[in-house]
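Join these two chains into a complex; the hints should help.
Residue strings, one per chain:
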Amino acid sequence: MNILSVIGHYFFWHYSIALFRFTLIYRDILFFIKDYFSLSILLKSFFEPWRRMGEAYPEDKFKLKEVLAVFVVNSLMRLVGMIMRSIIIIIGVVSLILIVFLYPILILLWLGLPLIILLLLGFGFKLLFF
Amino acid sequence: MSNKLQAYLKSSRLYPILVLDSLIGEKKRNWLINISGTLVLFLLLPILTFEIFGNLFLAPFFAVWASLAPRFWGATFICLAFYFSSKLLDFYFNDSYYFENVALNRYTNDDIFSITVGRILFLAEKGDALRGFFLSAVGKEILLRLGIEEEAQKEFLINRQLVSEIPPRTLTDGVLKLRSLVLFLYKKNPDFAQFLKKFGIIEKELLGATDWVVYRIEFGEFSKRWWSKSNLNKIPGLAKDWGFGATFTLDKYSWDMAQGLRYSSIGHDYSLHSLEITQLENILAKDKEANAILVGNSRDESLDVAWHLVRKIQNRNILPVLEHKRVVLFNASVFLSNFKDRSNAERELLKIFSEAQKAGNIILVIDDIYNLMIGFQTLGSSFLSLVEEYLQSNAFQIVAVTTNDIFHRFLAVNIELMNFFDRIFVKEINSEMLIHGLEETVWQIEAKYKLFFTYQSLLEIIWGADNYFAESSSSDKVVDLIAEIIPWAQKLELKIIKKNDVQKFISSKTNTPLGEIGVEERTKLQNLEIEIHKRVVGQIEAIKSISGALRRSRAGIRNLNRPIGSFLFLGPTGVGKTETAKALAEVIFGRESSLLRLDMSEFQNEEALTKLIGSFETGKTGILVDMLRENPYGVLLLDEFEKTNREVLNLFLQILDEGVFSDMRGKKVNARNIIFIATSNAGAELIWKNFKQKDEEKNTANNLINYIVTKGIFRPELLNRFDATIVFEPLSSEALEEISRLMLVKLSKRLTKQGLELLVNDYLVKTVATLGANEVFGARPMQRFIQDNIEQKIAESVIGGNLTQGDKIEFKEPDLNLMINNEQEK
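Same order as they appear, the protein sequences are chains H and Y.
Take any residue in the first sequence, count from 1 to its spot, add 24: that is its number in the working numbering.
Take any residue in the second sequence, count from 1 to its spot, add 36: that is its number in the working numbering.
These are calculated hints, taken from the structure and not from any lab test.
One thing to keep in mind: the hints can contain errors.
[What the hints assert, rightly or not] Computed list of chain Y residues with no C-beta within reach of chain H, every gap over 10 Å: (1) S172; (2) Y251; (3) A525; (4) Q526; (5) E628.
[What the hints assert, rightly or not] Facing chain Y, from chain H, some residues (calculated, C-beta under 10 Å): (6) V30; (7) H33; (8) R45; (9) T47; (10) L48; (11) M77; (12) I115; (13) Y127; (14) G146; (15) K150.
[Unchecked claim] Here chain H is said to cover these stretches of chain Y; the calculated rule only asks that three of the stretch's residues, wherever they fall, bring their Cβ under 8 Å from a Cβ of chain H: (16) 46–56; (17) 272–279; (18) 325–332; (19) 437–444.
Every residue gets a Cβ at the ideal spot worked out from N, C-alpha and C, and that includes glycine.
Bound-form chain Y, shown alone (with noise of 0.2 Å):
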């Protein structure tokens, strides 16, 4: 240590402190106290064996032991005093340094760092602090959660020259504490922020490492003090509910959220909802008319709350109104499926509230008010008019649960409802909210599972829940990832997961590549065009734009709150758009069968939105929400787009703009992660004509969408949605001939399997394609065609015995007459 960084420690109150813990530091300390301990347990074993039972079985040792019994209890004696005294001084430095200055932020006037920064800085050889932070416990182990282990980490210093300079007294408004220490020395060594930019390490991320480590610290000391109130209070007491009543009734549609509660569940970091907690807590503790409506984004989110007071309420951290109550989770839809009558039902409610209210302790939870209000509507009942009295009056307390999209549709307009509810409306928990209770989260998990993980791991999960799993709220659904994260990476035998390891597993999940781009996937990119032409012959300029549209946005550079990718395919019938789209299906998500396919001209009349996303009224689901819903990962393709309805164009104009819409239920449906194709024969004359008047250039994507928007086919701000038009155009005789020979070498290689060979020759492709192509249909009648001449007539020489296995087919000129060529002529 330099003399300069000596006397900056030296001026510090800590000094002493710190000079006893580099003598005994908390590890020596722990290793004293476990030793002594074992061996005072261990030495009074034999003491206590023969001071009681010695006069009785063990006599003829008696002579023995009496010698030996003051070494041992010489000897227990002194180890009891280690035992005492290291206990003392764990208590002491743990007490009077740790606890007052780290966890209860009591640093005094006089004090220049915290004691973790005074740690460091101990440590620092040849007065370089940087240095001290790379040898310290605190430093190695925010390095190694920054996915830097220790090779690397000594490697550094093995190479390092420079000595950072000592952190002025004026760097914070106070005491200097770890993270203000690792920003400057990350800002004051070059070398420092080289070796992390190595890691792909930001400042951000560096900083989020330390933050994760010191609230790792504070927790620990917390949780170490069983002693303290709030952990004396998480111990649920005896008896509770011996004063109050009995609910037989209600606990028969309902159960009791405190033994529900999940405790891994991130969602339990109240601070995400301290707003809406204390705003329930105070409408709950009113003396009548103590009912709160949560409204959020889904009812998950909005339960989260409710699950949040009966954490509170456990803890004993509530007001004391709400203290002893039992939070009481009704279930609305067991309690309808059991009635089909209404004088059953009104009576088994009435029951059920009457015993709320008898019991005296009881929080009625009701998951879904709104399906329970329509529940008695179709009994030919009203829930409000029966309950009436309950709710105006101060029996017990009643929390309803609701989504945005019911409220505003359905309950915010019902007055009476309104009179008795006051509404509590539920914010949405952003990613960047999530990450503390996650740290929290996954404390445990590395705990259970023998797993580590980097902090950079935890900002790619919830980054990939909240892009790819958007229906769920977002606390939930970092948890569900992380849960299945779990198993994964014990089968991969991975003990350390960094952020590749969440990326490939996300991919894997979804079939979606993430995370830096694979050789393999490099060249499938790189060769798009090519893949693609292998089953699309011609529209060379079409397939062009869209393999660009795809790179970009694999690239990273596509806008993650939209659909991959879509596209508006214009052209006529049998051009191969369908085709492009199905060989897209294949590139991108390696099967045909992830293309996923709606006929638009059935979506024409009135009902043609509720087909597609669901109706409230009859519970139905609807097409597109399912279809979505199963498939998340995909390509849409979207046929004869121009003639559906208004309706129908508009939710799409949502969901090529946001990538996601609500279902009949108000619940997010994510679209974000499949690639449109509307297909349209609009404008299918305009390109037909410039096509035979051999005007090709004007088949531009301005010109036709310009006369689509003038013939008021689809509007602007739609078109303008699309990532790009494409246009296709009608096919060339050449293509055509492409088109007919795949088709017969498929149709060969049918053959061959059946032992027969057909020669496709070029007076036979011609044939299909003049004979079988038309204008109208384009290739698509040129299977038919082969089907009703060619297979035909193949199949009636098979049926006839004409043919036999080994024979060789040939069709000639001029009426495709069949010719087999065998050993002996038939």
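The following block holds chain H by itself, in its conformation from the complex (with noise of 0.2 Å):
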């Protein structure tokens, strides 16, 4: 009777509980991926010089051969750091993208489990033994 008891609860927590808590595992998981590749500051500051570096532009506005060169550098300086956040920007949306295709597939298999085990027992003995 008790162990009729336990098993009972088991399959109420494997339904139930469990599948709730996999499902706030999951999320949170999600804006890990996203904190760490630090996703929302990469993307706010996209246009933003490398480490914000960069010249100032001289007083006088007419001398445009100067007024261009700290232009010229200025612009180097945010697109190093565009190519630079681009890449991780990537490498985190992918990891992203990967993390939410699995979670249909790793639900699949934990409603499954429990099928799955017996059906590892019955094909293990039969091909041991048979």
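Dropping the structure here:
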């Protein structure tokens, strides 16, 4: 009777509480990936110069040559920043997508796990002894 | 199990899980997981090898493999099934019961007891709950933490006849938890209490050890869940700084605090400073003038709060505005040492501040802001007006660090500064608050160094750190002490560190006896008078009262927040006051060199106090401060105590009372392991008068104290601070003769090394005593007399060639005639 009640409670847990908890953990992991790759900061500062480095424009805006030089340097800094950030952003987004697609697969696995265990046992014995 | 206990257990919702746990407990589950997992790997190895490479390289064996393959697959499937099912069981058990109930404390109204208590009661043989406690893993762990090893545990069970009661439902207002069960068992089983008492364990320690074990279980459950939000947040992110600016100039004078986090430090228990941390967070989150000044007992203690902030940012457990902030510790001394002239220093500082602003994620922690302000002042500039613009704006946050002493003396009065900074007073951590953090640190140490600490040893470490090392902040002291104990224990090949091991370590480090009084020490203490009298002649009353005071101190009756002892020695010159101090240093601390000495007549003028404790303006440290920092354990002799000025006497009033004082930087100096001996000639005339009139009984401490107070030499409150005032009487002629004999014997020993023999006869002894000593200087001039008259004559004879090795020297009447005895008289 005891064992039966434990088994009953187990299946209740497996198909309700655990499923719910699984989803919560899943959500936490998604947020973690987003944070780990600093996606929000990198997106917000996407167009900023690399490490906010750059030169100040000359006071006299008519010194065209100097203005142009500063413009080129600063644009380069922005470009470097954009390239560097893009690399991380791409890796981050790809990981996020992978994780998102993994969810239904894992859920299916979890739902079927008791059955899978039974099948494994059945096939195992069959292959081993028959 | 008795029927009653079984009924009690069965009435709980947890009963099925207890049955399951007893069938396949945590240990068995883990074993099953490990075995089946390993087997799967081993089985998959040949399968994969043949399936992938079989046709290419292993063709000759393929036929054999083909017949075996289904078997291998079958075994793999079965192992996988076992692996999955035991893993599921583990998840189920941990999640459904353990995590919900124990860690999150989500018991329902139907629950009678916690799962841990259930496990104990389930093991109870013959209906005896205490037996269950002793047999359970948790119970064994608690007893081991109390230093009771398994042999003793088993012995107790064998001899036990009693059966303990079943805890009633109404014991606690909800679920019966481990702590309540342990307390119940302790209260209801007198033999258990007796058993613990045999090991010197009191109720508080039993419960403390229980809490420690409960904490370990909960902590373990939390840290096992790598997927939990708080654990995931501990992993530092990638490219966090890429969105912010670089700070090249700032980096030269500072370092990122996140990189320097000391993970094993117990200072990281942030419950200790939770109030201050919340205050700091709120101040830093303001839109402008978000600057705070941390004021604590020491800079380390103030800085602790900043460390907590860094940790909270790392764990992403912080207000959203402060997320992604980089906390940088700016080193004012390094900065100042780089600049000699004003303009360069100003330019560099402004560069640093503008960089920090541009970066956009900086929280600047300035260690020792007062130092920085003074530094700029000496360069002829003003730090505040220089950076005013930044302090007012929302450019970035600044956290200044200082000490209580400096804050109240110099900073609180600076209105301009106080306008920019919100103050946070960091409260002192007391030793009881440290235990939680220490418990956590000890697990890491135990795992790393294969050591085991008992609960009592932890208490002793905290107590020792507090009483023997008073300078730095409490949490640092404890960490330092434990860091020193580890190699010491490893050297001695100790596996289990108990209370008396910690005591032994502290004793060996400080040279002060601690813990139980050993045989050697017992004889030393009992014979203190005899030991001192080996060096000091006469003064029987004086030495008796000093010895009494020291024995009281060692017996543990002494107040630990004061020096070990403090004595005022009154009496004329040359009667053995200094010699007694030297003898004490040798007897108590094992060596005469532990006698520290200050001639107080050198501290008479106005600068006397700064000379002793140092000066902030000049940066010079004080003589007394250096002396006590270098030698925290010993005898400090304050010669001619009455000659110093009032300010210095006030300082000593505090030292004798509290055992600590602050140096010029406001850092505490510990004097609690010092025996203070102040000597004074005050009242010497009175002592002499009484002595001459044969009124020795009037030479009591009380009489003299009255005399000194009426003369206004010392104030009564100062005299009251001393443990005892000891009167040294002028030496009687017998005593003087004894001293003279001691000195002559010493000389004769020296001469023996030269191959000469000095006969110490009564005539010589008497002559030295009468002619050498005098009323004013007591026995002191005797040494001089021996030098001038005895040694001089011997030296002349040696140089004159009259003395050769093996000669015997004798001084004879009437005028100390030098006689040399050898085979042929000279």
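When the nearest CB of chain Y is found for H/H33, is that gap smaller than 10 Å?
holds (7 Å)
Interface hint compliance - H/V30 to chain Y, C-beta minimum distance less than 10 Å:
Since the shortest Cβ distance to chain Y is 4 Å, the answer is holds.
Over 10 Å from every CB of chain H: does Y/S172 meet that, or does the non-interface label fail?
Y/S172 clear of chain H: closest Cβ-Cβ about 20 Å, beyond 10 Å.
Min Cβ distance, H/G146 to chain Y: is it shorter than 10 Å?
holds (8 Å)
Interface hint compliance - H/L48 to chain Y, C-beta minimum distance less than 10 Å:
This hint holds: H/L48 lies near chain Y, its Cβ roughly 9 Å from the closest one there, short of 10 Å.
Is the coverage entry for the region 46–56 of chain Y by chain H consistent with the three-residue Cβ rule at 8 Å?
This one holds; 5 residues, not fewer than the three required, reach chain H with a Cβ under 8 Å.
The region 437–444 of chain Y covered by chain H? Criterion: 3 or more residues, Cβ-Cβ distance below 8 Å.
The restraint on the region 437–444 of chain Y is violated, since only 0 of its residues have a Cβ under 8 Å from chain H and three are required.
Classify the hint on H/I115 as holds or violated, based on whether any CB of chain Y lies nearer than 10 Å to its CB.
holds (9 Å)
Find the nearest Cβ of chain H to the Cβ of Y/A525 and say whether that gap is larger than 10 Å.
holds (40 Å)
With d taken as the least Cβ-Cβ distance between Y/E628 and chain H, does d exceed 10 Å?
Given a closest Cβ separation of 64 Å, the condition holds.
Interface hint check: H/Y127, Cβ to nearest Cβ on chain Y, cutoff 10 Å. Holds or violated?
This hint is violated: H/Y127 lies away from chain Y, its Cβ roughly 14 Å from the closest one there, beyond 10 Å.
Checking the smallest CB distance to chain H, is Y/Q526 really beyond 10 Å?
holds (39 Å)
Against the hints set out earlier in the document, violations occur for numbers 9, 13, 18, 19.
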